[in-house]
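S.K.: If you want the building blocks of each chain, they are given just below.
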Amino acid sequence: MNDYNTYRVEVSSDTDFLEGWKDDAVPNMEFMYDQESLEECEQIDGVYYATYRTWIVHKEHNIEVAGKNGIDYITIPVGEYGLLNN
Amino acid sequence: MGEISGVPTADINNVDGFFTTQGGGGGITPNSVASAGSTGTQLIGSAVILTNPDVTLAFNIGEEITQRFVKIEGGGERDVFLAITSNGELWYNIAATETYLSWPVKDATWRRYGSDTDWDDIAYDEGYSVCMAVRDGDLWFSGVGTGRQRGDGSTTSSASWIEIQDSLTWSKIRLGYRKSIAITSTGEVYFSGYNYDYMTGQGSQSGNTATRTRDQNNLTGVTDADAGCYRTSLLVKDGNIYQTGRNTYLMGGPLISSTSDVNGPTLSYDGGDVVTVCGLTYWSAFAITNTGQLRFAGTGSYRQRPDNSTSSQNTTSNAMDVIDGGATGYTFYAQKSRSTQSQYPAIAIKNGQLKLGGGTFGHIIKEVLGASANSTSWIDAGNTTAVTAAMNISTIVIGK
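Going down the list, the protein sequences come from chains S and X. Per my numbering, the first sequence runs over residues 1 to 86. Per my numbering, the second sequence runs over residues 1 to 400.
The hints are simulated quantities; they were obtained by calculation from the structure and are not laboratory data. The beta-carbon is built from N, C-alpha and C at its ideal position, and this holds for glycine as well. Heads up, a few of these hints could be off.
Stretches of chain S that chain X covers, calculated by requiring three or more beta carbons in the stretch to come under 8 angstroms of a beta carbon on chain X [as the list claims (entries may be wrong)]:
{"no.": "1", "region": "9–22"}
{"no.": "2", "region": "37–48"}
{"no.": "3", "region": "61–75"}
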């Protein structure tokens, strides 16, 4: 049972490969492209494509995060997280 | 928020004077030991100081550093070395060419950092040029932030020390390939970094853990860890080893028979005698027992075993068996290792003697004895004439 899906999206020279994106349901994580530069991306007819993985949680998951004011206890419901909205 | 005392923030007009006054000691220039009064057979550079403080004292160069270094991190290719003393002082030796760290004086000379005496633990990752420390129970960071090792959700780099703002009390910090492992004063373990192959113990192989998060199995009583140079993490609890991440060569021990990635800290060795896990690379790992024996798991062909055997121990019947005929006296083992390298110079301390080796083609021996040397065997460098030939022994100091 996979705990991730891989997606392929268009990227450009403006894409920051070192910064990730957040999903509100898993605030301790960042999601990132599998590639770290445009040069690593697949190019088809002048268009660059990167891939990324989401996280699929099959069973409710409790985590403990080191927060500024104490331990943050977070419950992550079943679902797929980290999907880009494009 | 904590502060670091005794660190200049303005122009320094008299560097040596400042550190003599504030730091309590002058610098020790690498390879200056001979001029400091030792004999020809004691030509030891900073590397020996770095590798084992006991050797430092044995070679009578402790006069310039009044406290023993109890932990040393750094090395590799960036000429960054950090050390803490038994009374909580932080010392550093950073070359001027190091661009990522903007510490008070970078002149490849041992200098004390500030005047505080509450530095409890240090770690260094050459890959991202990151230093982290535990100071009076708090985590501190300096270096490049994009590796997600700082663990507070930020990717901002900092050329000087900054305190990581959280409310936990920490005791140990370990840095490795794109990850950090922090242990609290009560033995809970928290990871940050990339989630490659479950190496951060979060149940995910996607993205990264940007904010320090406890392992998914909520281990307690963790006493040691090695973040390694690739996608494996090892933890010590009750003298046993727990592994998460890649397991290509059964590096954590015999109890996990599959070579698939391990999803969350899982018992991999249950002998109950391990004090320290160390030398974790893509290929292998070591552990030192409470009787001073050295355990080994993984591939042996890279000559990382100080007993000069090239035998592998990567099966469910021999991974993490003791090596060197069960000899005791081991107190230290480390490797200079990066995921992109296949030759890992290594250092071990056995019965107080420094041993140098590692690398398929005698890599470390060449660095110590010169390019003409081609020995693939380990050498005993502690208090032997072999050390006399060391021209720049600091090149073999190991990083993570």
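S.K.: Does each hint fit the structure? Answer for all of them.
M.R.: Quick rundown of the hints versus the structure:
Residues of the region 9–22 of chain S with a Cβ under 8 angstroms from some Cβ of chain X number 3, which satisfies the need for three, so the listed coverage holds. By the rule of at least three residues with a Cβ nearer than 8 angstroms to a Cβ of chain X, the coverage given for the region 37–48 of chain S is violated, with 0 such residues. Counting residues of the region 61–75 of chain S whose C-beta lies closer than 8 angstroms to any C-beta of chain X gives 10; at least three are required, and the coverage claim holds.
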